[in-house]
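Participant: Sequence:
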Amino acid sequence: MKNFNVLHYVTNIIYIYTIYLLMTTFQKKESTYPKNIQNLSYALFYIIVTTVFSFINIPVITLFANLICLFMLSFLYSSHILNNLQISIVIYTILATEELIISTIANIKTLLIFKSEKHLNISIIFLGNILFLLSAILIKYFFNYKNNKKTTIILPIFNLAISFLTIIITFILASNSSINSEAFTFVSVSLIFINLFSMWGYEQITTTLNEQFKIESLKEKTKSYEKDIQFMDEQITNLRKYKHDEKNHLLVLMGLMKGKESKDALKYIENLLDIYSTEDMFIKTENKVINSLLNYKIKKMKDNKIKLTTEIKINKNLPVRDYDMSIIFGNLIDNAMDAQMKINEENRKINIKIVDEKNKFTITINNTFNGEIKEKNGILISKKEDSSSHGLGLNSVKECVEKYDGIFKINYNDKKFTSYVMFIKDKN
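In our numbering, the protein residues as written are 2 to 429.
Just so you know, these hints were derived from the structure itself, not from any lab.
It is possible that part of the hints are untrue.
[Stated by the list, open to error] Pairwise CB distance ranges, derived in the manner of DEER restraints:
| id | residue 1 | residue 2 | range |
| --- | --- | --- | --- |
| 1 | Thr63 | Asn412 | 46 to 54 Å |
| 2 | Gly372 | Gln205 | 34 to 42 Å |
| 3 | Ile425 | Pro60 | 35 to 43 Å |
| 4 | Lys285 | Ile158 | 39 to 47 Å |
Cβ atoms here follow ideal geometry from the backbone N, Cα and C, with glycine treated the same way.
Could you build all of it, start to finish, from the sequences and the hints given here?
Facilitator: Here is the structure:
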């Protein structure tokens, strides 16, 4: 009995770490609480579930204790009650299902490999916790891959290999009746810690990779701000130029009027209007961010022979902050413009549609392109010369959209590329 208690105390550490992996996988946002508060919360979880098992050990009470603790832990990451309840139930269901599978396998009469009932019971506890940990790592890897987070396939394969190796060792030892239960328990605990440190290493490496990716993403956002500053500088320069030119134009007109050359003055004015109407072919909406970004890009599109069509119906106030909108809109347009530079001038076309409806706000950008798309781990890879920024523009868009629980989709065929963003507006 003592061996089982020791094994349960150790395996509960695995159980808590498994909970941590699944909780951080299913929750959309990272915890805003300090690290020591998070560690204390998981330590309390360990104390509660271990105490309930050791001194009460009634299945119904154990179930509710786990669910309540899971529900309370979920508030480290989110304040949405229904979301937290759903995640808690999903996590416990996964673990309970795995435990049921292990128990079912243990009851099969064909497990004659075990020479001792104690060996069988110890092996069940060991295999159950290895399965918990392994499934949590695989689920986390799947979600990281699906959400285009930086990860590596080598470490999960390495973890799988270690887990299978430890399982084989367990079966070999279990078949040896000369090994007493104390020695078998010690070996099982050691193998559990080997698996734990292996998978903890995977978690740390994945975290480091994502931190590096965030730094690169931040650099990309900084470049976006540099473009905005450049745009403002150009506008100031143009304003000074216009003021200087206006003075000269007025002097010419004054000379023509003094000389009573009204026809020449009228023609001069018409020429000026033609020039200004060509130079100032700007989009004017009720939102300054959209105006600034789009008007800056229009000039570049015109210089590069890109045909632009727009359909913009927006209000003054956007459903996202100006900072985030500049990242979203700016990167999507840059992506479309980059694609145009790879095709013939006669085929360069971009269509921008922004619709601000009562309950939703949508951005749709269609552009022609050469049909060449590169993907790596589900992430679109650009063909820019700066390889360090590959995919970061669209990833920045994705991060900003998800911050507001929006939707970001990309569709393409061999001729057309479409970027689509949608925000559900607050009814209040």
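Participant: With reference to the structure, classify each hint as holding or not holding.
Facilitator: Hints and how they fare:
For the hinted restraint 46 to 54 Å between threonine 63 and asparagine 412, the CB-CB distance of approximately 48 Å keeps it satisfied. Between glycine 372 and glutamine 205, the C-beta spacing of about 40 Å keeps the proposed range 34 to 42 Å intact. Between isoleucine 425 and proline 60, the C-beta spacing of about 42 Å keeps the proposed range 35 to 43 Å intact. Restraint check, lysine 285 to isoleucine 158: a C-beta distance of roughly 56 Å breaks the suggested window 39 to 47 Å.
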